[in-house]
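J.: Each chain, written out:
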Amino acid sequence: MVEQYTSNIPFLAVAVSLGIVPLILLSSRWPNIREGWTIAASVVKFGLVLSLLPDALANKAASIEILEISPGITLALKADPLGVFFALIASGLWVFTSFYSIGYVRGLDEHKQTRYFASFAVCLSATIGIAFSANLLTFLIFYEILTVATYPLVIHKETPVAISAGRKYLVYTLTAGVVLIAALGWTYQLKGSLDFVPGGLLDGVDVPQGTMTMLFLLFLCGVGVKAGIMPLHSWLPAAMAAPTPVSALLHAVAVVKSGVFGVMRVVGFVFGPGVMLKFGLNDILLAFAGGTILLASILALREDNLKRRLAYSTVGHLSYIVLGAALLSPGSFTGGLLHIATHATMKITLFFCAGAIYVNVHKENISELDGIGKAMPWTMAAFTIGALGLAGIPPVNGFSSKWLLAGGALEVGNTVALTILLVSGLLNAGYFFPIIYRAFFKPSAQFEKYREASPLMVMPILVTGLLSVLFGIWPNLFLRFYDLSSMIAMSVFGGFHR
Amino acid sequence: MTHFSESPIIVVVGRLIAPFIQLFGLYVIFHGHYGPGGGFQGGAMLAASFLLIRLCVGEEASQMHFKRSLGAPVGILGAAVFFGIGLVTMGAGGYFLDYSLLPFEDVSASKLRFFGILVVEIGIGIAVAATLVAIFDELMGGADNG
Amino acid sequence: MHWKLELILLVMLLLTAFISLKVRDLLAAVVMLGVFSFVVALLFVVMGAVDVGFTEAVVGAGVTTVLYIVALFHSTRETTD
Amino acid sequence: MIEHNLPVLVPLILLFGALSTSLLGSWKRALAYPLALASVAAALVIAVLGLRQTISAGAIRYYLGGWAAPIGIEYVLDPLSAFMLTVVLAVAVLVFVHARTVVAAELQGRTVPFYAVALLLLTGFSGIVMAGDLFNLYVFLEISSLAGYALIAVGEKPSPVAAFRYLLVGTIGASFYLLGVGFIYIMTGSLNIADVAKILPALVREPPVLVGLIFIVVGLAIKMALFPLHGWLPDAYTYAPSSSSALIAPIGTKIGAYVLLRILFFTFEPAAVRDTLPVADIILGLSLGGILFGSIMAIAQKELKRMLAYSSVAQIGYIGLGIGLANPLGFVGAVLHVLNHAFMKGGLFLVAGNLRLQIGHSTISGFDDSLRKAMPWTMAAFALFSLSMIGIPPTAGFFSKWYLVLAGFENSNWIAIVVILASSLLNAVYFFRILEKVYLKSSKKGEGTDSNLPRKEVNTSMLAPTIVLAVGLLVLGVLNAVIVTEIIVLMIPSGL
Amino acid sequence: MAEYFLSYYTYWFIFALTVLGLYGMLVKKNLVKKLIGMTIFQTSVIIFFVASASKWNATIPVIDPAIGTDPSGYINPIPHTLMLTAIVVGVATIGLALALLMSIYHRYHTLDEPHLLQRMK
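Residue numbers (this note's numbering), protein chains in the order written: chain X, 1 to 498; chain U, 1 to 146; chain V, 1 to 81; chain G, 1 to 496; chain L, 1 to 121.
Derived by calculation from the structure, the hints in this document are not laboratory data.
Take these hints with a grain of salt, some might be off.
[What the hints assert, rightly or not] Which residues of chain G face chain L? A partial, calculated answer using Cβ under 8 Å:
| no. | residue |
| --- | --- |
| 1 | Tyr149 |
| 2 | Ala153 |
| 3 | Val161 |
Note that CB positions come from ideal geometry on N, CA and C, so glycine has one too.
Model the full assembly from the supplied sequences, consistent with the hints where possible.
T.: This is the structure in structure tokens:
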């Protein structure tokens, strides 16, 4: 059982980026100061989250109840291991993205940079809020804030394409929010509480099969849209109209990972493995996740636009995580969680690369990238690392999480899931290797006069690429992601036997 | 429009009847608290008499009976009487319009009620009469500024 | 005797109201409405509500009718129905 | 002394304000506005005192003239009425602050009557809220309605027609109410609400009581513009002057809803309304229809004020839904939504007023991003109001929906839940349509800018109330649990 | 059955009057006619109240020394006083409505709804 103590740190971690929004708005005329705030906030936020790590590893959760927000339900933050795990990923990658963003928006001389940075800061607050939510209502509040705050980023370019992408995004995410409200209301009606409980809030609730299935489907719809589970995924490729750092952080980390984080919360902390198995909910989840993995990989094969291909790849990989939850074994759950971290570092690397290419040579389509590896060797090297990782090739970190997932599938004897994992690995290779091949081996002179992108952009790329490898070799390096994941899995599956 | 009617008979009859209506209206106001009638009916009768004059002798000529500009202020004055009494009783520590608490010494509570109601009825009568005439005037004037 | 009077008044009530709504000249309609109000006042007296009848006679038959007529003089008596 | 006179002080101050405004205003016009503002502010202070008093010490009963109920006229300040009074007056104060510039610009020469009549309107509202007997309630209902008709009629060219229609329909509503009260009176022999409530339970199955209740409910449904009796509302709100619609829209229909609450749950027994009589289900059904109809119609509108008017029809549906569900959570949701919607709709109509004053129209197709550049604060407030209308947490709009959804689950009423949730998506459609225009549609020079009015931010006296309402939504949202547990819970009638 | 109807015949007349008033308000095209309908409608409600208070074998509610203070000898006066107020409200409504009518006439030069709708466009 997690031991709790009161601490302001979770609240501060959420508030710090919200607090700088007015400062960003006020200093809109002085870009250096404005970006200074962003960087300072990202570093401070990461520091705050990092300071929670030792306690989380010691199974102690810093928690704070801010105020009562509905009778009997408080707006409460709790830095339990899962929360710290997700917050670490999000806030850590925000640091890189901040630097990268500055290079990107200045490189392209983007308009409305103040709005961009302000929205970004709000998004991060919401993401950390989601991570630390102690109950479903708090989760929902931050979830909706994230929806709204991301909208200005999606439509940032203000082109017709971006606006229609924004509409699509809103339709999907607002609907999801609304469905989630219904799910919450129902849960409250059944249980009289909305707190996250390791092993399942609804554990022991006696309701008919139909009710439980409906409720689960509502939850799945609610969090599944952000998690990109098919058929609720189609906003994600459309939202690639956004600037690349947005795609990188929000559509590789913050927004979609909030979705899968939500799935983990729902499976592990609302329904719990016992209920999932008893009512056969894991099969539903498994079907959705497996289908999504395969379909998304196939769709990714057909995309020529680099960012859209990455988006489909994201859809597929998100479902790895969902699959990890659906398999209902401690090993696969650990693997799924670990994949949140590994996929985040790999995918952000890939998006950073795509952005760097776009800023430098203004190319978005894969078929136009012949020979880019000569002009931008460092960038494309990092890209290769990310691609290898996503295909599950050691020593990049994608391998370790996939290994755990496959082990989990074996543990419960689910050969279908195992097959899906293997096939999708091949498909991953199938849609990434052509890019690498074109970049390095297809001769072309078109990029001769181009050099590497600005150091502000290349440095984050290299660091995240390097991190992908390091985490692949030592999953417990620095942040002890592996220990955290297995701790979380233990807390969820502690009292569960098949 | 100055006259609704050019006929001398109507003018004369209207002028003749109006004072009697007014007298009756006053009677009704003053006896309202122990017989049929009261401030409202009496006030309405007063108003009716003024309207009769307005209609019979025309707008301009009727101004001497009740000036147009007086409508609203007199109406408010009437209402103020009603309020005044209410506030006085409140000031005396009672409820609004608790007549028995009117600050007059050596007067029994029932007498106080009697006179309290009477004064209030007069106030209401004035207010109603003036307001109804004011509505009429507003309608008449509505032609110019509608 | 009492109820016969009441019945007659009630019938007149309906009749005047009906005419007032049917007649094609607005002035006639308004005058008929005045008659209606007067019948109502009589009915009130018959029913024992002396002061209400009194008020209705002054206000309904008197003031209201005058107001209607003034309004008609400032607009129009014509109507399509 | 003040404590026990609190109930009667509010209408007195307002009525006195109305009288003195018109009297002194006709002498010196400049006096009218300060006087009017001062009386509303004073009334608000009294109302807040009254709210505190009732929360700590329970209801205050006031017997006019010292005649005890059920014979005398009674004013009751219980938590529900004190709460309503505070909401009404709080919004009114802000609208009055805002009105100074708008009224002077839109109603040249008629400012004095405007303020006098507006105060009369508030007198009527405060009287309705505190009336302790059914007939006085009717009188105040009519006072406020008359003032409302007058306030609407001074607007744009078609406004008298809209006001006249409203008058006809409103009179039908009020007369129906009175007729219903007549039936109740015949059966119970009393008009005092507390007294009637004691007598009624034994008579609930008598046909005249049922007929009376139906008449009352239909009458009030007209007054609160419950679908499908809302026909008067869109025209009235659209053509009225900005300040009138900002005053009437957030408060007027809510007062009808309040009376409905008072009749159904405090005069009749909640159990009887829910189980014996079919009333609650009918209101529920109509509300659901209203939510969908209002939302869909709002999407189809081309003019901002008209859109807001239809959205009001939908929002009234939420309140009706809370009443119709007839359980404590529904009650909480309905009362909370009265508060939240008063803030949201008041603010939105203030925004519409700002737009009309600065750019001369509020036609949606004429909006573009020059508005945002010219009026950043107004537009930011508008965005916040929109988010609250859609129901994005932590704005206040989310929480009333939350309680209503919980209430729906309590009764296992799936249709209600689906409708509430679907309507927030419809709200999103019509608000984001405007937000998209204001923030993203680039202005073309020479096109769409038919007016030569200077495009700039409104002055402080107009901006401040708008911003206060917008920020208020966040505060109300965050503090909603406090409001619910400290105030609204006290109102829930026994037996609900 | 017939007896039932006969014993309540006043109410049936009042009901007919109410319907007549509503008919005038809703069906008539002319605004003045609508207003007349409204007047009839309002009056019918007032008659309803007064009729509900009236009873045989009782006299007007003014103290008569011959009867004394036994309340059963008098008609209930409360509905009467209420209706006085209702009449005031009624006349105020009509006054306002007429002012609106004149304002409409001055803006559109018609009081007939079909024409009005045409000219409002």
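J.: Taking each numbered hint in turn, which are not upheld by the structure, reported in ascending numerical order?
T.: none
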